[in-house]
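**Q** If you're matching them up, the sequences are chains Z and C in order.
Numbering follows our numbering, in which position 81 of the first sequence is assigned residue number 81; successive positions increment by one, without gaps.
Numbering follows our numbering, in which position 427 of the second sequence is assigned residue number 714; successive positions increment by one, without gaps.
Because the hints were derived from the structure by calculation, they are not lab data.
Predicted, not measured: the structure shown is a model, and the values here were computed from it.
Hints should not be assumed to be uniformly reliable.
[Unchecked claim] Some chain Z residues judged to face chain C by a derived CB distance under 8 Å, without partners named:
#, residue
1, LEU15
2, ARG42
3, MET259
All residues carry an ideal CB built from backbone N, CA and C; glycine is no exception.
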Amino acid sequence: MTEPKPNEIVFKKRLSENTVRIEVVAPLIAKKALPGQFVIIRVHSRGERIPLTIADADAERGVITLIYQEVGRSTYALGELEQGESLHDVVGPLGHPTPIENYGNAIIVAGGLGTAEMYPIARALRKAGNHVITIVGARRKDLLVMVDEMESVSDEIIITTDDGSFGRKGVVTEPLKELVEEGRADFVITCGPTIMMKFVAEATREAGVPTFASLNPIMVDGTGMCGACRVSIGGKTRFACVDGPDFNAHEVDFEELMMRQKTFCDFERKSLDLWLEEHPERAHSGG
Amino acid sequence: MTEEDTHKTAENTEPSKAEKKEKVGPDGLTKKERLQIKRHPMPEQAPEDRITNFLSVVFGYTPEMAYEEAQRCLDCPKPKCIDGCPAEVNIPAFITEILKGDLEESYRILKADNALPAVCGRVCPQEEQCELTCLLAKKGPVAIGRLEQFVAEYMLDKYEKEPPKVEKIIPTKEKVAVVGAGPAGITAAADLVKMGYEVTIFEALHKPGGVLNYGIPPFRMPRRILNAELASIEQMGVDLRCNMVFGKTVTYEELLEDGYKAFFLGTGAGLPTFMGIPGENANGVYSANEYLTRVNLMEAWDFPNADTPVFVGKNVVTTGAGNTAMDSARVSKRLPGVEKSYIVYRRTRAEAPARNEEIEHAEQEGIIFKFLTQPIEILRDDKNWITGMRCIQMELGEPDDSGRRRPVPIPDSEFEIECDTLLVAIGQRPNPIAMRSIPGLEISKWGTIVVDEETMMTSVPGVFAGGDATVGSSTVIMAVGHGKKAARAMDAYLSEQR
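Please build the complete structure, drawing on both the sequences and the hints.
**A** Structure follows, in structure tokens:
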């Protein structure tokens, strides 16, 4: 059996039309990765640097798990790589790990792909003695990710879909508000679309429940040298890649973050359109 | 007397006045004749051409121009030029070899003291260093930098066509770790591998070179030069590993366990400084680091052939007046869609820290300079996009403690500059990740690693540092000088430990 090459994809599975799970050889990263941390990857030699959460890490096998959604050129190009092929660059583990303590009732609120990031956190929180209640939401059933895994590391799990195709019809903040009212929320951590995280913060603000959001700004280097990922936390500027990516959700300026995330929209669209022209077989897909 | 004897006389005894006047070099010229030759201008792309491309602004001297310029050197008995060089390059010696026609020897002399002569020839602020202390400084110093550039690039081109056999050096001594593949790290690594050490460079980015790759645009320093310099150290046997963040991917403790006996931290000053004024997180506001990293390292000038984009509008403002600011403003001028590129600086041109040639080139390229102007607020629309910048006019007031006249705001002189892109280039500080991961490493209040001036050793025995990480944003040649010093001191330290 040949030795796997660095950055080689040793496992690949499509979870839905545009959601992919891969396991990548990265022994140094796998050895150290803690829940909440991420890697920056490049798919090919002229590719851009993009952050992806480390959904899981196996130190013994020396592999990390990445779960991503094909939304732009880089993720579509990544989706073209098959088992046995390698990513051009992988660097990490980056960012501060999530603070894991025994808070009591720990609520995980995961939206769409944010579930991938929350998986290792849920597991670590449970191990630390928390009663873990996980709320997983997506627009439709086929966009739900890692439900079985989340169930295995949670004491309670609530699934919501916007269209009611699975679980409870509605948005994640509804069961969250109920838990807050019942006094069953000692710590909340959330990851998912920025607007969802904003509403999660609002749902717990009045009750003063410590709430953390794993932010997802645009990043370039990921080690604090460029400031592309800067966010406003309590009126101060912080770099999500080195000070975060988790921040006190009640202090995050979500509006600014959402607007900053749109900075390169036109370029992103142009780049993806060009890629889809070259790969017409993928052109009909899209979340 | 033979030519050789003449040189020996010049070096060893005080020549008589008559002898001095008649001194001839390998080219047969007298001192008087040398003084008649005017400093040769550098052939360059015309400004209106060069703002349409990212190709090198300067063409470089031809061999004829280089020879004529080399003839201007008086080969002083006590060369002051060497005193002006942070790496103490033997300037008169390398210039003499140009006159003798032995460029290979000239290059060898350069490389003996400077690991990166092709880089330094282009980016050193010679006007503050060797060309300032040159005896002819007032009339027009010998164009030492251009000569260095000529020799180094001539040889690099030659080696590209006929690669020299670079022997891989078999290590006989201890394992040493170099953190950062920028100019300081490259220099330290090159010197250490030649001394017989087993050298590994840990570089955080996906490409080596540090500021030479992400900071300096290709029109100032073409990438082939950097690549050639890097290739030679790998050929010598340095293990250059990218995508390794010291303090995250590998730690100090792990490397010690792994048998590394000494460390050199060349982690640079890659932490951007923002102005701290309202509105700085608007869309379209970049740190110069981000902007230049996108364009230079990620090749955004070639989007969509390269994947990374860079947004620029029509009116680009850069705050600051150092080399980074000049680079930012000049890169902007070259990107499609940009109509106006401004430099906004709170002091005057005389105090601008950038290299003289860069300011001149910027002026020629049509960069609009607004001196004595201080930004106070960034204006943005309801989608968070920058629409303009409010500034206040400054004037030079009373001198401060350093004796320099401090700029002070003129009351009621606020005005607005319309802009859709803002590049903040007011300074960079050392990135803390690597340094904070070594227990007991003393860090100054400015965030720089504290080192002994002579040995470059930090407060932790066996851990050395140099370059911007120790002095803040400085020059390539300073980093080269530190790398050299540190390699020597590391060798002494490790020899003692054996």
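**Q** Which numbered hints are broken by the structure, listed smallest first?
**A** 1
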